[in-house]
Amino acid sequence: MRAGSKRKGASPLLALPALGLFAIFALVPMIVVVVLSFTYYNGISSPTFAGFANWSRFLHDSTTHHAIWLSLEIMVLSWLFQTPLALLLGVFVSGRQRYRSVLAAAYFVPLLFSAAAIAITWRNLLDPNFGLLANLTHRLHMSWFPTSWLGNPGLALYMMVFIISWQFIPFHMLLYQAGARQIPRSIYEAAEIDGAGRVRQFLHITLPLLRNTIVTSSVLILVGSLTYFDLVFIVTGGGPGFATRILPLDMYINGFERSDMGYASAISVVLVTAALALSLLLIRVTGFGRFRSTHEGA
Amino acid sequence: MTRHTVMRLAIVMAIALAALTAAATAASKKPTLLLWTIQRTENSVETKAAKTYKPASVKVQIFANDPYKQKIKVALGSGKPPDMFMNWGGGGLKQYVDARKVLDLTPFLNADKAWKNRFFNNVLQTAAFKGKYYGIPNVGMQPVLLFYNKAVFRQNNLTPPKTWDELLSVVKALKTAGVTPFILGGQSKWPDLMWEEYLVDRVAGPQAFNAVVAGKKNAWMDKGIIKANTMLQQLVDAGAFGNNFSSTTYDGTVTATLLGTGKGAMELMGNWEYGAVLQNSPDTIKNHDLGWMPFPAIPGGKGNSKNIAGNTSNFYSVAAKSKHPAAAVQFLKKQVMSPAYVKGLIALGNIPPVKGIAKQLSTGANADFTTWCYKLVQSAPNYQHSWDQVLSPDAANTLLTNLDRLLLKQITPQQFSANMNKTK
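Heads up: the protein sequence lines correspond to chains D and G, in order.
Numbered according to this note's numbering, the first sequence spans residues 139 to 436.
Numbered according to this note's numbering, the second sequence spans residues 1174 to 1597.
Quick caveat, the hints were computed from the structure, so don't treat them as lab data.
Where a beta carbon is used, it is the ideal one built from N, C-alpha and C, also for glycine.
Watch out, some of these pointers could steer you wrong.
[As the list claims (entries may be wrong)] Chain G stretches covered by chain D per the calculated footprint, using a threshold of three residues with CB under 8 Å from any CB of chain D: (1) 1240 to 1251; (2) 1377 to 1391; (3) 1412 to 1418; (4) 1426 to 1440; (5) 1585 to 1597.
[Said to hold, decoys possible] If the Cβ cut is set under 7 Å, some of the chain D residues that face chain G in the computed set are: (6) T177; (7) G181; (8) I182; (9) S183; (10) P185; (11) F187; (12) A188; (13) G189; (14) G292; (15) A316; (16) Q320; (17) G379; (18) E395; (19) R396.
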């Protein structure tokens, strides 16, 4: 195309339906939430102006601060736990052997379940009285083995990270599988001729060439972890104590259980801002926006 | 036929159709009333009351317990409420009353004394604010009792505890025998509250919580409340609730099964647990192995050992925005707690909050249990309605979270009181 040509790509008009929906279902509610964060509102009576009361409470509420800390913790732990496992699994199932396709199908199953089903299943498995784990330890006469996994404030968060990962690793595995299959065979063949073993091939070819996939998957994990709600809500409800009360849950409890929609709105403004800032930061740092292709010749 | 004739014919037909529908609606001028309630055993009685009512057609919609709380709030807040809705009275209902979303039933009740006097007054009070009535009871009373498994006590040569000291020694003996002394669905949090309510009542008397409700300054710092919470933590230390209480949920089956099968010896729970045991472990009832007793006395405490705690009842209220308020009130008067309704409730093991039914109870199903409960309620000097229903939703939520942390020993009784003192 000539330089200075008027049309660059498709007409912007084509984006109108999407933008319209985005405005109605995302922008307008966001603006309303910002307004509500300056009001007292119990969800029944009409809101009254509160000035900065909700925001000053946000600065002083130790429960919310703890929730922020937990959200950060769950974000880092999820990334640390999911990335290596998803990467290794993805590379493993990218092989064309038949048994690997069968295994891939099996690993893929959690992705097909709804979050509520996963949450209820795990809660039942970990039930201290009738759960599978409790049953097993009871039959093996291992009464010393802890059964109150979700009731122990020191363990509950790690159990949640585990369950969340169980749900999402298959998705990231899929990303890595696709990424690994894009890597041209010729590179591996050349490396083999040069005498590189499997581990060296993985470290020096697969890993570097999966760079873009790693970034994509990491952005999804990190930003996604800010919105975890359903699993934690059903499995622990934020307990025991405050052990799993992450920020989205804190928002829900304040808004719907304590009938304080104003303060819940303030928390959600923070959540949106944080997610937006994090996405922008990650795009900047990783060069997500200007990806170099990892294909040969491109 | 010309085009005009077709048009004319169409118009005539349209008018005729409109006239017909108008005539049809005039013929069935019955108002339609919408009633919202939660999923519970008593649904059969509720729907029957609606179906057999002739003057209006009453449509019953049933929702699951927890989501219902959000749903009714949104419906009342958004101005499209059902005509009648089930609620728990107390602080939750007060929220709606304060926002003028609920019809004042006082004039109707005062106009018909026989209707008003049918109910136990202390039960009606749960849905009354500033002397005005906003709710009509719709299920049985739900006092909290101490259930126990008689077989477990027999096997360990123990007798059910009547005092605090006996309770502590029973806990010790059961612990050595490898039985969980008290089953507690601590993950659901509200079962913890039953312990709190009874301990505070026995130690500090009803006045301690009344001071909280009255909004007295530092009411939560009451020495009796702190002492009661210290005792609660002592129970945790003694292993009275076992190791798994913080991850055990109350869902109507788990704890009843644990109690029925003797994995746990006792459970402090609402009288509905009888029905739950009947459902999940019927042999326990058949063999007369399920026992029940009042919460033990605490010598030296200020509360009368005959005091009880629990839910007084659940209620129906009429939405202020209902299009047929008079018809709704008429339905509540004629159908709810009518003789047929009461009979239906008793068959389910309920104890309706209605005067003069002792005889009816003694001949009904599960008579030994229901008459015992009826007498317990009648002879109780104080019937404490569940704190989380009395307090505002904000304070109630803070209360349950802090109780959870108290039982996990993450906070001291002093910190508990300090945290609660900050609530409104």
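Verification of the supplied hints:
Check result for the region 1240 to 1251 of chain G against chain D: holds, 5 residues qualifying (beta carbon to beta carbon below 8 Å, three or more required). Residues of the region 1377 to 1391 of chain G with a Cβ under 8 Å from some Cβ of chain D number 0, which does not satisfy the need for three, so the listed coverage is violated. As drawn, the region 1412 to 1418 of chain G meets chain D at 3 residues by the rule of a beta-carbon pair under 8 Å; at three or more, the given contact holds. Using a Cβ-Cβ cut-off of 8 Å, 4 residues of the region 1426 to 1440 of chain G lie near chain D, which meets the minimum of three, so the contact claim holds.
Chain D is given as covering the region 1585 to 1597 of chain G, and this is violated because 0 residues of the stretch bring a CB closer than 8 Å to a CB of that chain, at least three being needed. Hint status for T177 (chain D): violated, given a least beta-carbon distance of 14 Å to chain G, over 7 Å. For G181 (chain D), the shortest C-beta to C-beta distance to chain G is roughly 5 Å, which falls under 7 Å, so the interface hint holds. Because the smallest distance between the Cβ of I182 (chain D) and any Cβ of chain G comes to about 4 Å, under 7 Å, the interface hint for this residue holds.
Interface restraint check for S183 (chain D): the shortest CB-CB distance to chain G comes to about 4 Å, inside 7 Å, so the restraint holds. At a threshold of 7 Å, the smallest CB-CB gap from P185 (chain D) to chain G is about 11 Å, leaving the interface hint violated. Given the 7 Å rule on beta carbons, the hint for F187 (chain D) is violated: about 17 Å separates it from the nearest Cβ of chain G. The restraint placing A188 (chain D) at the interface with chain G is violated, with a minimum CB-CB distance near 14 Å, outside the 7 Å limit.
The beta carbon of G189 (chain D) comes no nearer than 18 Å to any beta carbon in chain G, farther than 7 Å, and the hint placing it at the interface is violated. Hint status for G292 (chain D) relative to chain G: violated, with the closest Cβ pair at about 10 Å, above 7 Å. Because the closest C-beta pair between A316 (chain D) and chain G is about 39 Å apart, greater than 7 Å, the hint is violated. The beta carbon of Q320 (chain D) is not positioned within 7 Å of any beta carbon in chain G (closest approach about 44 Å), and the interface hint is therefore violated.
Below 7 Å, beta-carbon pairs count as interface contacts, and G379 (chain D) has one with chain G at about 4 Å; its hint therefore holds. A distance limit of 7 Å between C-beta atoms decides the matter here; for E395 (chain D) the minimum to chain G is near 5 Å, and the interface restraint holds. Taken as an interface hint, R396 (chain D) checks out: its beta carbon lies about 4 Å from the nearest beta carbon of chain G, inside 7 Å.
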